[in-house]
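> Residue numbers (my numbering), protein chains in the order written: chain A, 1 to 259; chain B, 1001 to 1065.
Since the hints were derived computationally from the structure, they do not count as laboratory data. Hints are supplied without guarantee of correctness; some may be wrong.
To be verified - Across the chosen pairs, the derived CB separations fall in these ranges:
#1 B/K1018 with A/A231: 42 to 50 Å
#2 A/D4 with B/K1005: 31 to 39 Å
#3 B/D1004 with A/P155: 44 to 52 Å
#4 B/D1004 with A/E10: 46 to 54 Å
#5 A/E45 with B/K1005: 44 to 52 Å
#6 A/Y194 with B/E1024: 45 to 53 Å
#7 A/L213 with B/Q1041: 47 to 55 Å
#8 A/E45 with B/E1059: 26 to 34 Å
Unchecked claim - Chain A residues, not near chain B, derived (Cβ > 10 Å throughout):
#9 K43
#10 I48
#11 D101
#12 H122
#13 N149
It should be emphasised that the depicted structure is a prediction, and the values quoted were computed from it without experimental measurement. We put the beta carbon where it would ideally sit given N, CA and C, even for glycine.
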Amino acid sequence: MTDDAARQREKVRKIYSGDSDYYITSTPHAKSGSLTRAAEILKPERGIHLDVATGAGHTAYQMAPMCDWVIPSDLTKSMLESTRKNGAEKGVTNARLLCTDAEHIALRDCSVDSVSVRIAPHHFSDVQKAIGEMGRVLKPGGRLVYIDNIAPEEPPEAKGYNDFEALRDPSHNRCDSLPVLVEMFENAGLEILYTETMRKRMDFEEWVNRPHLSKDDLDGLRRFLAEPSPAIRLWMNPREEEGKLYFDEIEGVILARRG
Amino acid sequence: MTIDKELLEILACPVSKKPLELSEDGNFLICKDSKLVYRIQDDIPIMMVDEAIPLDEWEKSQGKG
Chain A
1 MTDDAARQRE KVRKIYSGDS DYYITSTPHA KSGSLTRAAE ILKPERGIHL
51 DVATGAGHTA YQMAPMCDWV IPSDLTKSML ESTRKNGAEK GVTNARLLCT
101 DAEHIALRDC SVDSVSVRIA PHHFSDVQKA IGEMGRVLKP GGRLVYIDNI
151 APEEPPEAKG YNDFEALRDP SHNRCDSLPV LVEMFENAGL EILYTETMRK
201 RMDFEEWVNR PHLSKDDLDG LRRFLAEPSP AIRLWMNPRE EEGKLYFDEI
251 EGVILARRG
Chain B
1001 MTIDKELLEI LACPVSKKPL ELSEDGNFLI CKDSKLVYRI QDDIPIMMVD
1051 EAIPLDEWEK SQGKG
């Protein structure tokens, strides 16, 4: 493991260990359209399903009724306690929790029928390696649905967008553009079956309601949305509606298959 | 401490990717190949390389070294 990877992992652990129950009710994680879309696109039919970087387990539990059993996995033990609590509240009985990280998945080759990862890869230290690992554990013919916020294709705009995200969440590492992600899947030997993008409306005040944010951080985030470049204005569409600030995130959705 | 048998059947060491052996007391998962031991905590296998115990150190702690 490189020093960069270890540092990134510690950032994620620090944020999520102190704030894990937040993700049980967080709107983008618990209620956004991509949650039901993940299950609609993947359509698992029984078998074993792995959800990588599960957080509070929303995606795993969405898949659970369609599978024999599911593995909500996360690198943070305290996050998995929230996952367990969320599963108990939902009455899920076919989940087996696993503490593992996306770049070194602790499962045998060809051991699961389907995989999901949703709103998490932007925390990973090495997305290419994680995609390779998700492909490795899939059985031949198994399918993977990958959903995450994506960045604009132009490098300066992508950097601006990623800096904005990292200011709000220090464990944010990097969002990539959809073409870059598609290339990573191809590099991992996975066949792309389908891609789409989804625009997600974000309530700024709800989005910044995090215990670790300072007044300077909030001012910086507001300034970014108040003075966007033309490309960011188009990408994020910052706007006021009835006196409240909103902007958009764009989620990339990729469905892939192991040959 | 318990670990689900179906999960155990597909678990692998994150380093060697090889199958794991359950300790006699059911609290640890052992990889002889990578010489690493992983804890099971609250029925959750903690399969993090940076939290694994070196096999020789674990054996000493178990009075096996």
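> Next step is simple, just say for each hint if it's right about the structure.
Do the hints match the structure? See the list:
{"no.": "1", "hint": "B/K1018 with A/A231: 42 to 50 Å", "in the structure": "holds, 48 Å"}
{"no.": "2", "hint": "A/D4 with B/K1005: 31 to 39 Å", "in the structure": "holds, 38 Å"}
{"no.": "3", "hint": "B/D1004 with A/P155: 44 to 52 Å", "in the structure": "holds, 46 Å"}
{"no.": "4", "hint": "B/D1004 with A/E10: 46 to 54 Å", "in the structure": "violated, 29 Å"}
{"no.": "5", "hint": "A/E45 with B/K1005: 44 to 52 Å", "in the structure": "violated, 23 Å"}
{"no.": "6", "hint": "A/Y194 with B/E1024: 45 to 53 Å", "in the structure": "holds, 48 Å"}
{"no.": "7", "hint": "A/L213 with B/Q1041: 47 to 55 Å", "in the structure": "violated, 31 Å"}
{"no.": "8", "hint": "A/E45 with B/E1059: 26 to 34 Å", "in the structure": "violated, 44 Å"}
{"no.": "9", "hint": "K43", "in the structure": "holds, 22 Å"}
{"no.": "10", "hint": "I48", "in the structure": "violated, 7 Å"}
{"no.": "11", "hint": "D101", "in the structure": "violated, 7 Å"}
{"no.": "12", "hint": "H122", "in the structure": "holds, 20 Å"}
{"no.": "13", "hint": "N149", "in the structure": "holds, 26 Å"}
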